Amino acid sequence: GAVVSQHPSWVICKSGTSVKIECRSLDFQATTMFWYRQFPKQSLMLMATSNEGSKATYEQGVEKDKFLINHASLTLSTLTVTSAHPEDSSFYICSVFGAKNIQYFGAGTRLSVL
Amino acid sequence: GDSVTQMEGPVTLSEEAFLTINCTYTATGYPSLFWYVQYPGEGLQLLLKATKADDKGSNKGFEATYRKETTSFHLEKGSVQVSDSAVYFCALSENSGNTPLVFGKGTRLSVIA
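These protein sequence lines map, in sequence, to chains A and B.
According to the numbering used here, the residues represented by the first sequence are 17 to 130, in order.
According to the numbering used here, the residues represented by the second sequence are 73 to 185, in order.
It should be emphasised that the hints constitute simulated quantities derived from the structure, not laboratory data.
Now the in silico label distances, taken between C-beta atoms and shown as ranges:
#	chain 1	residue 1	chain 2	residue 2	range
1	B	Pro112	A	Ala115	24 to 30 Å
2	A	Ser128	B	Ser130	37 to 43 Å
3	B	Ser182	A	Ser31	32 to 38 Å
4	B	Glu114	A	Pro102	24 to 30 Å
Computed from a predicted structure; not experimentally measured.
The beta carbon of each residue, even a glycine, is placed where N, CA and C say it ideally should be.
Make the full structure from the sequences, and use the hints.
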């Protein structure tokens, strides 16, 4: 399988600041990680596919300059929300595509922008 | 595009009651179907899956059968426990799981003693 650690689990920031969320694959080398966003009582929506050593692939409607993704190693992908605003408040979840073609998920990061 | 519709929650049941959480899907091809569970404070965990029509996925007493004719993948358990309290997500993937998942909205289950 794969154990996925996501940090922080909860962050509060002021409007206009940037926030970095880390997603680590602890026991599996992940060439592909996914970043999802979940609004209250809504589905998880795919934001982007993070590819190790190359640029992330963003879903339609997701601003790549606002949600910066870096996948510099096989065990770490980061999502940076730049110049965060209250409408960016949400639950962000990463997943690792691991053994047996199964996705393993982090516990999520709740972002609150004041 | 592909989509998943699952019953709205929350669902509250007494211990040992029978559970059904309905899930239907829309897909252009022949997707793989999944149920994920999220316990409080934890990440989503795969509960069970089915990759082709008439397959039955099962785990921890939960079952779901891939019904192509009704495009459904309903989750069932004969006797729920308090420890089953969690949020359950139905999901599909067009390519045997190695592509991003399309999720339903999730159904919160609370089991009371």
